[in-house]
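Participant: Produce the entire structure from the sequences given, and follow the hints as far as they go.
Going down the list, the sequences are from chains C and U.
For our numbering, count along the first sequence from 1 and bump the result up by 4.
For our numbering, count along the second sequence from 1 and bump the result up by 403.
Hints in this document: simulated from the structure, not taken from any laboratory.
Beta carbons are placed, not taken as given, at the ideal position from N, Cα and C, and that holds for glycine.
Interface residues of chain C toward chain U, partial, derived using beta-carbon atoms under 8 Å:
1. 8
2. 20
3. 166
With a straight-line cut-off of 25 Å between C-alpha atoms, the simulated BS3-like cross-links for lysine-lysine are:
4. 419/U - 165/C
5. 468/U - 173/C
6. 521/U - 154/C
7. 173/C - 464/U
8. 468/U - 8/C
9. 464/U - 8/C
10. 15/C - 241/C
11. 470/C - 498/U
12. 8/C - 545/U
13. 528/U - 15/C
14. 241/C - 165/C
15. 470/C - 464/U
16. 8/C - 506/U
17. 498/U - 570/U
18. 575/U - 506/U
Have a look at the derived ranges for each label pair, beta carbon to beta carbon:
19. 20/C - 555/U: 24 to 30 Å
20. 171/C - 554/U: 29 to 35 Å
21. 421/U - 456/C: 55 to 61 Å
22. 241/C - 455/U: 32 to 38 Å
23. 187/C - 507/U: 32 to 38 Å
24. 36/C - 554/U: 50 to 56 Å
25. 430/U - 472/C: 24 to 30 Å
26. 555/U - 259/C: 45 to 51 Å
27. 259/C - 450/U: 51 to 57 Å
28. 554/U - 241/C: 21 to 27 Å
29. 256/C - 455/U: 46 to 52 Å
30. 555/U - 171/C: 29 to 35 Å
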Amino acid sequence: MISKTFFKETKELFREGRVRISLIIVLLLLGVSVWISTRQFQNVNAQYAMAKTSERDVWDNQGEKNPHSAAHYGTYAFKPKYPLSLVDQGVDKYAGTSIFLEAHKRNEAQFSAAADQTGLARFGDLTPDFILLFILPLLIILLGYNSFTKEREMGTLTLLKSQGVSNWKWLLGKWSALFMPVLIITLTLFLIAGILLDNLQDFGVFNWNSLGVMFLVYMVYYAVFINIILLISSLVKKSGIALVASLCIWILACLAAPKAASNIAENKYPYPTRQEFAANVLQDKKEGLDGHDPWSKEAKQLEKQVLQEYGVDSLHQLPFNFNAYRMQKGEEHEAEIYFKHYNYLKEQYSNQSNIYRSLASISPYLPTRFLSMAIAHTDYDTHWDFADAAETYRIATQEFLNGNTAKNTQYGERGYKASADFWKQLPAFQYDPPELGSVLNRNTSNMVVLATWLFATFGLLFFTTKTL
Amino acid sequence: MYGGQKALDHLNLNVKEGDIYCLLGANGAGKTTTINLLLGFIEPTSGTAFINQLNVQENLKHTKKFLAYIPENLMLYPSLTAVENLDYFSGIAGKTFSTPELKGFLEEAGLQSEAFSKRISTFSKGMRQKVGIAIALAKEAKVLLLDEPTSGLDPKASNEFGRLLRKLKDKKVATLMATHDLFRAKEVATHIGIMKDGQLKQQFVAGDISLSELESAYLNTMDYKEVAP
Numbered sequence: 005m006i007s008k009t010f011f012k013e014t015k016e017l018f019r020e021g022r023v024r025i026s027l028i029i030v031l032l033l034l035g036v037s038v039w040i041s042t043r044q045f046q047n048v049n050a051q052y053a054m055a056k057t058s059e060r061d062v063w064d065n066q067g068e069k070n071p072h073s074a075a076h077y078g079t080y081a082f083k084p085k086y087p088l089s090l091v092d093q094g095v096d097k098y099a100g101t102s103i104f105l106e107a108h109k110r111n112e113a114q115f116s117a118a119a120d121q122t123g124l125a126r127f128g129d130l131t132p133d134f135i136l137l138f139i140l141p142l143l144i145i146l147l148g149y150n151s152f153t154k155e156r157e158m159g160t161l162t163l164l165k166s167q168g169v170s171n172w173k174w175l176l177g178k179w180s181a182l183f184m185p186v187l188i189i190t191l192t193l194f195l196i197a198g199i200l201l202d203n204l205q206d207f208g209v210f211n212w213n214s215l216g217v218m219f220l221v222y223m224v225y226y227a228v229f230i231n232i233i234l235l236i237s238s239l240v241k242k243s244g245i246a247l248v249a250s251l252c253i254w255i256l257a258c259l260a261a262p263k264a265a266s267n268i269a270e271n272k273y274p275y276p277t278r279q280e281f282a283a284n285v286l287q288d289k290k291e292g293l294d295g296h297d298p299w300s301k302e303a304k305q306l307e308k309q310v311l312q313e314y315g316v317d318s319l320h321q322l323p324f325n326f327n328a329y330r331m332q333k334g335e336e337h338e339a340e341i342y343f344k345h346y347n348y349l350k351e352q353y354s355n356q357s358n359i360y361r362s363l364a365s366i367s368p369y370l371p372t373r374f375l376s377m378a379i380a381h382t383d384y385d386t387h388w389d390f391a392d393a394a395e396t397y398r399i400a401t402q403e404f405l406n407g408n409t410a411k412n413t414q415y416g417e418r419g420y421k422a423s424a425d426f427w428k429q430l431p432a433f434q435y436d437p438p439e440l441g442s443v444l445n446r447n448t449s450n451m452v453v454l455a456t457w458l459f460a461t462f463g464l465l466f467f468t469t470k471t472l
Numbered sequence: 404m405y406g407g408q409k410a411l412d413h414l415n416l417n418v419k420e421g422d423i424y425c426l427l428g429a430n431g432a433g434k435t436t437t438i439n440l441l442l443g444f445i446e447p448t449s450g451t452a453f454i455n456q457l458n459v460q461e462n463l464k465h466t467k468k469f470l471a472y473i474p475e476n477l478m479l480y481p482s483l484t485a486v487e488n489l490d491y492f493s494g495i496a497g498k499t500f501s502t503p504e505l506k507g508f509l510e511e512a513g514l515q516s517e518a519f520s521k522r523i524s525t526f527s528k529g530m531r532q533k534v535g536i537a538i539a540l541a542k543e544a545k546v547l548l549l550d551e552p553t554s555g556l557d558p559k560a561s562n563e564f565g566r567l568l569r570k571l572k573d574k575k576v577a578t579l580m581a582t583h584d585l586f587r588a589k590e591v592a593t594h595i596g597i598m599k600d601g602q603l604k605q606q607f608v609a610g611d612i613s614l615s616e617l618e619s620a621y622l623n624t625m626d627y628k629e630v631a632p
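Facilitator: Below, the structure is given as structure tokens:
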């Protein structure tokens, strides 16, 4: 009976003009969005490869130069566009793509795609994740809002009941008829994305497992939506009311809840303004060692401590250049300050994320969105990871440069220049995003919420259709 | 009971295999309630309904295997063809047939072969009723419940429907038909009952009574008084 109902429903659906038109529109939108995303992905990654190579060339070919001048001259850490961003662009557009690494200062990522666009960018882009998260649930509504109400309105329910229809088999037949077109559309999209990514230059990060898990996440999301739409259709008497109620749920789940979550989170755990943040960092910096200032109280204290440690009376007797050593200690102190202040930002971000998670109980969109972005490496967690890796690299670079000066010069010696081939010895910045396993571990709560949505809506649906 | 009123009162009705029992009565007499009771759509406050010696309330799923139901206005899926509708409703009842077999049922029910693959949305009421009969044939129903099946049918279609019922009678199907149509009842029924206020007021063997006698009995039961022009 399940397969009979499935085929009957499918025939009915595909014989309706509104369904055929909707499916064509969705497929067209998906095609266009994949095409746009692929081009964007290729462009950004070509830019990434070019910028990375040219920046490294500039670094390697500085010629003879003082290492601290090189530290101030700086270099860049570039974030590649990860393969699954082809499906979900997440916050990539708003988070910067490169971080300038220089002495004494931790910089924010800059050159975000959004900054390169006009105010019209507020309207958003046509991306596969937009279709997956917003349009496909709408398609489910369009296909399924009258699943049960039409049986009442047409009068076929009486005949079905007289035939001894088994409610749960009937329900599963209808459910699978709604699920199948969504499954085919999504599977097609993911297969095309997979094949494209398999053949595009992706810096070796793409793996089919991640794509598969992301696909599963979306399938659960659609299953939840199908359950909700069928639940409404089984509870109300008229198709019109079912349509309006289903659209209200869509507005609440996909539009209102994320925006409300964003407002509540920002209100409850606000980020400091850029000026506040910079002022706080400056304040803390003033209270510690400045590598450039040999006369400060902290510098004198360090000098005393080092002389004592090495059992010498003069900085000239040290086996290294104390100026470079102090510079490095100053760097370490500044790095600590940055870690402290960035950790505060992370803490605020984590608190805001908790608000989103708690509101996930009113919207299956939220856990899906977070899981999708996390798997695609386009979420803020990955961006933080990248920024932290860049900072670690910056500190290591400063240590590498100051170490060279300390080793090769005497205290008070000026005008030292490292050899032209020295720069090549600095290892290139390498950032590997978290593995799939660790991404899923970090998102356990989102998976639990989504699974709860799935089982709760299934349970409710079975319960209500029992008495149809 | 409906809203404190007795919808059926001491109704004692027995339809044997091969019988066509026509229930006559005015609107609200309890004809449809009797059918709904046998379908298990409503529960009696007292008393019991049996189908094939099974208590309907206690064996709701099981009794439905034996019966077929055709309401006054049989509604099928308009975007599906006659064959597809028959296939689906047979499937719901747990029966699977090949397309030639399904066409055979439709033919037996008197539907013209050109209509087999046409969508139900193009069908007249009479044609839909024939598909309903085909559903009953495919199900091999032992009991056929009909609620005003000929209302709104033209005389030709109504006559054809009566012919189909006699065909089912030959197959030993027990038919209970609620109707207002005295003429059709007299023509097809083996037994006729007249209901009023939920009670079965009179019963006849159809062959023992003429149409005019049936009409008089019906009018007397309804307390109908002719008004002088």
